[in-house]
Amino acid sequence: MITIDLTDQPIDVAATLELVQSDGAGAVNTFIGTVRNKSTGRPVVRLEYEAYDSMALHQLRKVADQAKEQWPMLEKVAVIHRKGTLQIGDVAVVVAVSTPHRAESFAACQYIIDTLKQVVTIWKKEFYEDGDVWVAAHP
Amino acid sequence: MITIDLTDQPIDVAATLELVQSDGAGAVNTFIGTVRNKSTGRPVVRLEYEAYDSMALHQLRKVADQAKEQWPMLEKVAVIHRKGTLQIGDVAVVVAVSTPHRAESFAACQYIIDTLKQVVTIWKKEFYEDGDVWVAAHP
Amino acid sequence: MNLKIALFGIAKEIVGQPMLEITAPADQPVQELLEQLRTQYPALRGLSSLAVAVNNEYAEGSQLLHERDEIALIPPVAGG
Amino acid sequence: MNLKIALFGIAKEIVGQPMLEITAPADQPVQELLEQLRTQYPALRGLSSLAVAVNNEYAEGSQLLHERDEIALIPPVAGG
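Just so you know, the protein sequences line up as chains S, Z, P and C, in that order. If you read the first sequence in the numbering used here, its first letter stands for residue 1, the second for the next number, and so on. If you read the second sequence in the numbering used here, its first letter stands for residue 1, the second for the next number, and so on. If you read the third sequence in the numbering used here, its first letter stands for residue 1, the second for the next number, and so on. If you read the fourth sequence in the numbering used here, its first letter stands for residue 1, the second for the next number, and so on.
This is chain S alone, in the form it adopts within the complex:
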């Protein structure tokens, strides 16, 4: 079972974890990305995530499907990404996977977040005291 979501509301981490619970899965690995108070040493005051929604959802599902292909023992996957304005400490993304044994839960979760960062059509603008930057836009 795969759950994908892109939301402008705060992500409920506990509810996301419940989505991947399974009596046949002894291992749940979860990655939570939160907004840090600094970026490359510069104090961050807030973030804005912009998304190309239809493609982001389509690509998120592809990433989850690829993980399921690569680790067929994957029981459940949930990937929830936030968009809009986020403050320091806010949850930007949650990836949760359940598997019968633990090694695969780590590998699959890491694959999903690593691949998400490469392909999912979401853009992040960091706001500082004295300006803003689209993250990764320029070399």
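Treat the hints as calculated values from the structure; they're not laboratory data. Any given hint might turn out to be false.
[As the list claims (entries may be wrong)] Derived lysine-lysine pairs resembling PhoX-like cross-links, with alpha carbons at most 25 angstroms apart:
# : chain 1 : residue 1 : chain 2 : residue 2
1 : S       : Lys117    : S       : Lys38
2 : Z       : Lys117    : C       : Lys12
3 : S       : Lys38     : Z       : Lys117
[Unchecked claim] Derived, one-sided and incomplete: chain S residues facing chain P with beta-carbon distance under 7 angstroms:
#  : residue
4  : Gly33
5  : Glu50
6  : Ser54
7  : Met55
8  : Gly89
9  : Val93
10 : Leu116
11 : Val120
12 : Trp123
13 : Lys124
14 : Trp134
15 : Ala136
16 : Ala137
Ideal placement from N, C-alpha and C gives every residue a C-beta, glycine not left out.
We have chain S; now place chains Z, P and C onto it with these hints.
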């Protein structure tokens, strides 16, 4: 900051996650071990964890300290292990770590759960319809 | 043919609007559309990468565009 | 000297009690205690591993035991 606990009460996963939140940490990795409904193909009806408490707590702290030495950027660590009687789906262990960047959060969390399983003085008895076994006791 | 191109993030800022409507030769390949846009908006050349998505999939440079395609310009993504 | 040995898991079941009190020569090394216990309770030989903990640390076979030590027999652990 390191939080270690061994408890005969149900583990509050959301509260454990809050323990590792940090404005300087953008990445939180969590491993949750739950009771599976089967073990090597055999249906399990419940589990019992027995602990040598003082040594288990001491060894858990050592494992967390070793992780902190190996990944100095580790911000916070929480390791909570359950003991007593557990039913299918119950949470047996939660490991949560926060780091500024994600690769270290995966590596440190996996190191802690892998090492915990090797050294921490907790014993598990699986109960089946027709008997019980101390897990890993015999070759 | 007429193409509508959805713009996001820094590409939207560079072009100054969220959607671009252009006229292009029929069956134009993706790489030619990119070249046309980079000529018109030189700041696009300064980006770390610039891809084109067609119907929610990343497109190769040789892929041919059609009037009904949902086309988007994809500057470097930064989710997570 | 008199030693108290705490027992857990399957070791507690094999010995039939949670704590064993034995008399041992002064400064007995861990490996001799283990051998003594295995002789007395042969089922301990069937375990995948059997360690001795002294004051909450795993002990080497050559470590010498003292009367005030907190000693425990550690069958294969299975936490997590």
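Hint check:
no.: 1; hint: Lys117/S <-> Lys38/S; verdict: holds (19 angstroms)
no.: 2; hint: Lys117/Z <-> Lys12/C; verdict: holds (20 angstroms)
no.: 3; hint: Lys38/S <-> Lys117/Z; verdict: violated (35 angstroms)
no.: 4; hint: Gly33; verdict: holds (5 angstroms)
no.: 5; hint: Glu50; verdict: holds (6 angstroms)
no.: 6; hint: Ser54; verdict: holds (6 angstroms)
no.: 7; hint: Met55; verdict: holds (4 angstroms)
no.: 8; hint: Gly89; verdict: violated (16 angstroms)
no.: 9; hint: Val93; verdict: holds (5 angstroms)
no.: 10; hint: Leu116; verdict: holds (6 angstroms)
no.: 11; hint: Val120; verdict: holds (5 angstroms)
no.: 12; hint: Trp123; verdict: holds (3 angstroms)
no.: 13; hint: Lys124; verdict: holds (4 angstroms)
no.: 14; hint: Trp134; verdict: holds (4 angstroms)
no.: 15; hint: Ala136; verdict: holds (4 angstroms)
no.: 16; hint: Ala137; verdict: holds (4 angstroms)
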